[in-house]
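Take the given structure of chain A and dock chain B to it, following the hints.
In the order they appear, the protein sequences are chains A and B.
First residue of the first sequence: 65, per our numbering; consecutive thereafter.
First residue of the second sequence: 31, per our numbering; consecutive thereafter.
Derived from the structure by calculation, the hints contain no laboratory data.
Incorrect hints may have been included.
[Stated by the list, open to error] Here are some, though not all, of the chain B residues that point toward chain A, as calculated from beta-carbon distances under 10 Å:
id	residue
1	Thr65
2	Leu66
3	Leu67
4	Arg68
5	Glu71
6	Ser99
7	Ala103
8	Gly105
9	Val107
10	Arg141
Backbone N, C-alpha and C define an ideal beta-carbon position, used for all residues, glycine too.
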Amino acid sequence: MNAPALPDAALTGGFASPPTQSARAFRAVLDAMARPGTLHTVTGALPPAPLSVAAGVAILTLVDGTTPLHLAGPADCAAVRDWIAFHTGAPLVSAEAATFALGTWSDLHPVARFAIGLPDYPDRSATLIVEMDALTAEGATLTGPGIADSAHLSLPETAAFQTNRALFPLGFDCLFTCGTQIAGLPRSTRVEAV
Amino acid sequence: MTPDPNTDRKAWMAVLAKASPSRLAALLPDLPDHTLLRPAEVGAVMLRGRAGGTGAAFNLGEMTVTRCSLRLATGEVGHAYVQGRDRTHALQAAAVDALMQTAHAPDIRARILTPLATEAEAARTLRASKAAATKVDFFTLMRGEDA
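Chain A extracted, bound-state conformation (with noise of 0.2 Å):
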């Protein structure tokens, strides 16, 4: 019944000063939603590797106990399950069942597993939090809501966005995640290879 005491390293790394901190978190997460393909910088947080600042900032941020979070891959480590479990009381399930879900691309695969939410309720969709190694404002082309003309970011791939593209308003929403730079990729958002 008695959980064994939390390690260090899960305790700290957390906001030194949550109602202003996350509240600009959030509105820098919101811009990058709002604007695909722009870049944000957030700080504040200082996760167990091997997440980002900004994933860590995402994710005490936008997840807390009434939202399932799935982690993938590396991701999914006893560092980073006792960080969560101290800073949010998240909890941790399979990928089908998953509101937030973080991850390297590669570790998500496949994706179509992910919650597309229903047609009575579209926001019952996932949010996929994901790893780069890199991250910038050139690669593939996206225009839509958001974007005056078009604007680009180094996506992972596009086919999987084109796919989740055509299942709108259905489909889930991506924000890109590498060191303290955070961009987002809404499902309404066309993407095209250059």
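What follows is chain B alone, placed relative to chain A:
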């Protein structure tokens, strides 16, 4: 069933959670050196109960609580969930929880926990005795038609 190794800690955390913020502040005027792991934050918890202690669980109501986690300079981690919205209360309760894990534990217990527990017990007894004074015993006399 193995005995719960956390019984002692549960007991002192309960005393701290229910203590009056001003009384705890008077008993612990100076906080030890610490770093905050989770700054004090106010929230609500749903209290659940069971009718008669055995019936189906029901939601009794929400209660305001404040929680805080900190680490002392010497490494001990203290947690606190206290009733009400007094952030200083949560901070001090977490500090006492951490100090109870150090070598200062007997001193802290004598100086802070024992007075708090004694006062809480006295208040409970006073209230119970006031309530007991209003107790009415009903009894039924034999009624004529039953004879």
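Going through the hints against the structure:
At a threshold of 10 Å, the smallest CB-CB gap from threonine 65 of chain B to chain A is about 8 Å, leaving the interface hint in force. This hint holds: leucine 66 of chain B has a C-beta 7 Å from the nearest C-beta of chain A, less than the 10 Å allowed. Taking 10 Å as the C-beta contact cut-off toward chain A, the hint placing leucine 67 of chain B at the interface holds, the least distance being around 5 Å. At a threshold of 10 Å, the smallest CB-CB gap from arginine 68 of chain B to chain A is about 6 Å, leaving the interface hint in force.
The interface hint given for glutamate 71 of chain B is met, as the beta carbon of that residue sits about 7 Å from the closest beta carbon of chain A, less than 10 Å. Using the Cβ-Cβ criterion of 10 Å, the hint placing serine 99 of chain B at the interface with chain A is satisfied: the shortest such distance is roughly 7 Å. A hinted interface residue such as alanine 103 of chain B counts as satisfied when its beta carbon comes closer than 10 Å to some beta carbon of chain A; here the least separation is about 14 Å, so the hint is violated. Proximity of glycine 105 of chain B to chain A holds as hinted, the smallest CB-CB distance being about 8 Å (cut-off 10 Å).
The beta carbon of valine 107 of chain B is positioned within 10 Å of a beta carbon in chain A (closest approach about 6 Å), and the interface hint is therefore held. The closest approach between the C-beta of arginine 141 of chain B and any C-beta of chain A is roughly 26 Å, which is over the 10 Å cut-off, so the hint fails.
Figure legend: structure checked against the earlier numbered hints; hints not met, in rising order: 7 and 10.
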